[in-house]
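With the hints as a guide, bring both chains together as one complex.
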Amino acid sequence: MAGLSRRAFLTASAGLGAALGVPQQALAQRLADPLTPSAIPTTLDQTILLTTPKNRQYRYLATGPGEPYIPRYDVLGKAADAGRVNRRRSLAYLGHLSDMHIMDAQSPARLDIMVGQSESLWAGSFRPQDTLTVNVAAAMADAMRTVQFSPLTGAPMAAAFNTGDSADMMSSLELRWYIDVLDGVPITPNSGKAGVYEGVQVWAESTFAYHPEDPANDPYGVYGFPTLPGMLQSAVSQTVESVGLSMPWYAVYGNHDTDFLGAIAVSDGLRRFALGDRKASTWQPFAANFLGAWATNPSPITQYLHAVRSNFGRQTDMRSVTADPARKLFESVEFMQAHLDSPATPGPVGHGFTADNVATGKTYWVSDVSPYLRVFGLDTCNQVAGPDGAVPEDQFTWLQDGLEQARAQNKLAIVLSHHNSTTLENEAQSVFGGQRLIHAEEFVAMVQEYPNCIAWLNGHTHINTITPHAKAGGGGFWEITTASCIDFPQQQQLLEVVDNRDGTLSIFTTTLDHTSTPEWTPADYSQTGLASLSRQLSANDWIENPPMRMGSPLDRNCELLLPAPFDLTTIADADLEKAQLAAKARLVAAEKGSA
Amino acid sequence: MKRYAWLLAAPLLVGCSQIDGLQPVSGVPLSTVGIAANQVLVAKKVPIKTAPICTESATEFICTGATLKDEPITVKVPNDQAQVMTITVGGKQIFTGPVQDVIEASGELR
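For the record, the sequence lines run as chains B and L.
In this text, residue positions in the first sequence follow our numbering: the first is 1, and each later residue adds one.
In this text, residue positions in the second sequence follow our numbering: the first is 1001, and each later residue adds one.
Pulled out of the complex, with its shape left as it was, chain L reads as follows (with noise of 0.2 Å):
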């Protein structure tokens, strides 16, 4: 991964046709969001069918999944600092918290 490598290659090539293609590595902050909510769902023992897929836009990542009962799972997370992330499975909501409290949690042995 390089997602700095923008900065370095940017003053290279403005002005070219090339700089369309310079971006940072893409998808992180979308994954993070995933791993977080399937995090959860594993932990609570949620019977997956489908893992939820997530979208992101810019107020808001959403994430939306079933349950082998085909119940929908669905994970919001507003796109702020904060990261609150809420599940939802069946309309039930099962988890309320910051996404980076679950990343960290999930590498701890506790």
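Next comes chain B alone, as it looks inside the complex (with noise of 0.2 Å):
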């Protein structure tokens, strides 16, 4: 088939110029380069692996080799022709971020306490590198940018997905950062009291925290976690700059910004024990208020606020802090309209959500990313309880209704959640009723039957994961978990969708380290040096089950076949080189914002 004429080359760069505030003759140089295969290292050159071996002590990171793809068959059910290596073009360069869990380690509201009760039962109420979040998430949006180009076909990434926990706990100041993290707005993520950091993380009765001024007499201390003096400081002191993503990027829910603590509902009881000055040190006196209260009380949630009200300022181990009005939690609607108060750029303004989520309430959305590729963002939290999610019947129907219409249409099609297969159960209805949830295997039947939705894209479980979702007779489509911010790997993703031009599509899959070094240089807390030790301390994470996380190789770097949905000629290269000049023109509009 045939690309773009030189006349229409000249006509589309003049026009994307003049859309994008670029001059004209400068971009149509850059939009001439021919697509090439980026050559900035990524996870298939390198990797970051666990130095030490089994010594059940503090470990190391370091380089290790690259992970070339894997070709999966389990959709496409036999081995793919050999020669599609040399035919195939791109349709869509992609990434994929999820649970960032950006934090206000400082907040009342946290709950950090309640892993001095159980360390399994409570594990990711606190994490060692609970302060380093916006780094982290700085380094990962940088790393997004660096890769802007495919590493496989050098095509220019035309949208970046956010499948949820983006804030941890439900708070303004987490949601705010988050959003301008990924817009490339500057942050210095500290709350209360300026350049002070003000936590469980210097108290000496804390000690089930991690004190890295000197954690000698804390567990952490004695598995071999280093003595950082000055890192706290530096973490709630220093400016991130972002340089923000430059591509669109569209977001979901998740758990944790629909519930507090990601399963609970919010109460006016939560919101003002969040606005407060009074944070517990240890789990004791907010246990034995909050059962004591709930074994007098009738009503639970009268309890609850009972012992936050009447109880917990007079306890020993309450410590005063600073109070900050910025630590308001969110309202449901309010999470939509925060992606509404975002600049133009990267954009879209609302990151998928509108005018008319806002307004309605209504808190899923659609949107084409390009011509060839439709995008339904679904929202599958449990207002009402629970960590795990259900597509309510609304949406189900809503989805399948669109799912028809793509299919009608010949566009390919991908389903955002933030909740994944294993994790789609969630049966909580408010004692008031409920539409119907719909649960995992129905879902995947519904989604089965349009082989135009060629992936479902989700997070949550924090674990690189890659499921097929093979039809009976044929066909099926892809589910693809990424790993998170938080926990180690503190990985997020890359897809490609190309058109092997022999009736098969593949989607290649390629996991996406943060820019930071894997080898933390000690004492280095400058921006980049904080997102490092980040990674090395979630490595350490003894709760979390660290290179669990990681995945299998079948999870990371994958080509994942499926066949074509319908006769992919109908996408003519003309019009496919047109849609690429349109992402690559907004990513050097983007350079030029950023310079």
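Hints are supplied without guarantee of correctness; some may be wrong.
What the hints assert, rightly or not - Looking from chain B toward chain L, a few residues come up when the C-beta cut is under 8 Å (computed):
(1) Gln46
(2) Leu50
(3) Gly64
(4) Asp74
(5) Thr461
(6) Thr465
(7) Pro546
(8) Ser552
(9) Pro553
These aren't lab readings, by the way, just hints derived from the structure by calculation.
For each residue, glycine too, the CB sits at the ideal point set by N, CA and C.
Right, here's the structure in full:
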């Protein structure tokens, strides 16, 4: 098939230059460069691995060998034609972020204390790298921007998707920080008193926590975690300058963006707690008051509020901290509004959410990220209770109708959600009733009926996982779950959909490390140094089984084959080239904007 | 992931229908077995057509897949603390060893 004519190219580049405010001649020169695979190293070239085997003590990280793509035939049902390598063309190059867990580690509402009660039950309530989440997110945005041209084909990234759990604990600060990191807005990741860390990592009685200034008396010190004088001060006082993403990005809700701690409906009492000036330093006063009040009061919610309001302030293991109104817990609709309160670039304004979403409270959306690719952003979170999710019937029907329409229009489709097929069984319903909740088996079966839906991207479990959903009789789709920015390996993902020009499609998945160095240099508390330190600390978080979260090689750098859902020759080379020019022009304009 | 959060929420909502929804994040033990099995299969260069799909019962994890020659891949792991995994391909045992040892080794530079 023929590509763009010279006349069509000049017309397209002139139009793009005018639309994006880039000098037309300079843009035309950049756009005329042929697409060549990016030479920037990725996990195809080098990986990050733990150094010291099985000594059950603090371990360091080092650069390991790269991982080439492994073809997977589970959905195609047979080996693929080797000649596809020389025929393929890129249909869409995409980024996938998830589970950033941006955290205000000093918030009084943070229940980091509970890890002192049980590490296994409360894993995730405290991590040694809690103060460094913004640094990691900025390094990840940098990584995504660094590989904005495909390592496989050189295609420009058309869009990036964030599949939720962006704000760890529903704090308005966390929400703003996450959006600002991806939009390239500077942040000082601190709350309360300016330039001073107030929290469990400096309180002696909080023996469950890692005390980087002097860990000798906590379990982390015994394990071999390093002494890091000045680290907390650097973390809360330095401004993080994020380059931001250069491509349009889209977001969906995660359970942490919906429920307190990802599992509990937010009450007025919790909102007041977040804004207060008292923070527990051990779990015992919290648990004693919490459970004691529950035992003597008929209303669970009233009991909890009673505990918060009446008892916490008088406990000896409560510390005074600097209150901060910016810690306000956000409402569901405010999550969407915050996405609308973002700059036009990298865009789109709303990042998938629209003014209609805010007006109606509808928390899901659809968008065409290229002329050939339609993306459906679902909200699988349960506002009643529970960390896991389900698909409400209204969204199920809406998606079904949308996939039907996309099929009729010969558009490829991708579904985004926070929850994955192993975590879609939440049955929680309001006492006042609610619509039917659809779970994994029924959801997968429905999506399988639409061969144009080639992938379901999600997160939640913080584990790199690729799951085939082959349909009996042929076809199906791929479910791609990416790891998180908070737990090791702190990886996200690149995806590229290619037409093999033989009746098959491939989705190439490439895990993405953030741009900080694998080896942390002692006393490097620079912006990227703290990101590197965070990864090292996360690799030693014994509660989380760090190497498991890397997934297997079949969950990382793979070529996922599936039958082409329609005659892909209907996508003309010239039209494809035009769409790629538009994506490339956006990236060039973003370079200009960040210069 | 918040597998801990049910503990806080449970007292809040005991007696409510919402309690049915309060569970830890699902699927991690099952995922761990699948990851370890795939790790071994890739390391041993087994030509996979269908990677093992795992199910869990009270007594064991069982995963089944197929090679490109349609030989069955079977993974069995007792649901106990030791979690010793046995993998057979085409009826021939190719691996036996603890799941966590495979996981640990996969993350280490060797």
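Restraint outcome when Gly64/B is required to lie within 8 Å of chain L by C-beta distance: holds (5 Å)
Restraint outcome when Thr461/B is required to lie within 8 Å of chain L by C-beta distance: Check passed: Cβ of Thr461/B comes within 6 Å of chain L, closer than 8 Å.
Hinted contact Pro553/B with chain L - closest CB pair below 8 Å: holds (4 Å)
Per-residue hint verdict: Asp74/B, partner chain L, C-beta under 8 Å: Given a least distance of 5 Å, the restraint on Asp74/B holds.
Interface hint compliance - Pro546/B to chain L, C-beta minimum distance less than 8 Å: Hint holds; Pro546/B Cβ to chain L Cβ min 7 Å, cut 8 Å.
Agreement of hint Gln46/B with chain L interface, Cβ distance less than 8 Å: At 11 Å from the nearest chain L Cβ, Gln46/B fails the 8 Å test, so the hint is violated.
Per-residue hint verdict: Leu50/B, partner chain L, C-beta under 8 Å: holds (5 Å)
Residue hint Ser552/B, partner chain L, criterion CB-CB below 8 Å: holds (4 Å)
Interface hint for Thr465/B, Cβ within 8 Å of any Cβ on chain L: holds (6 Å)
Going through the hint list in order, the structure does not satisfy hint 1, though it satisfies all others.
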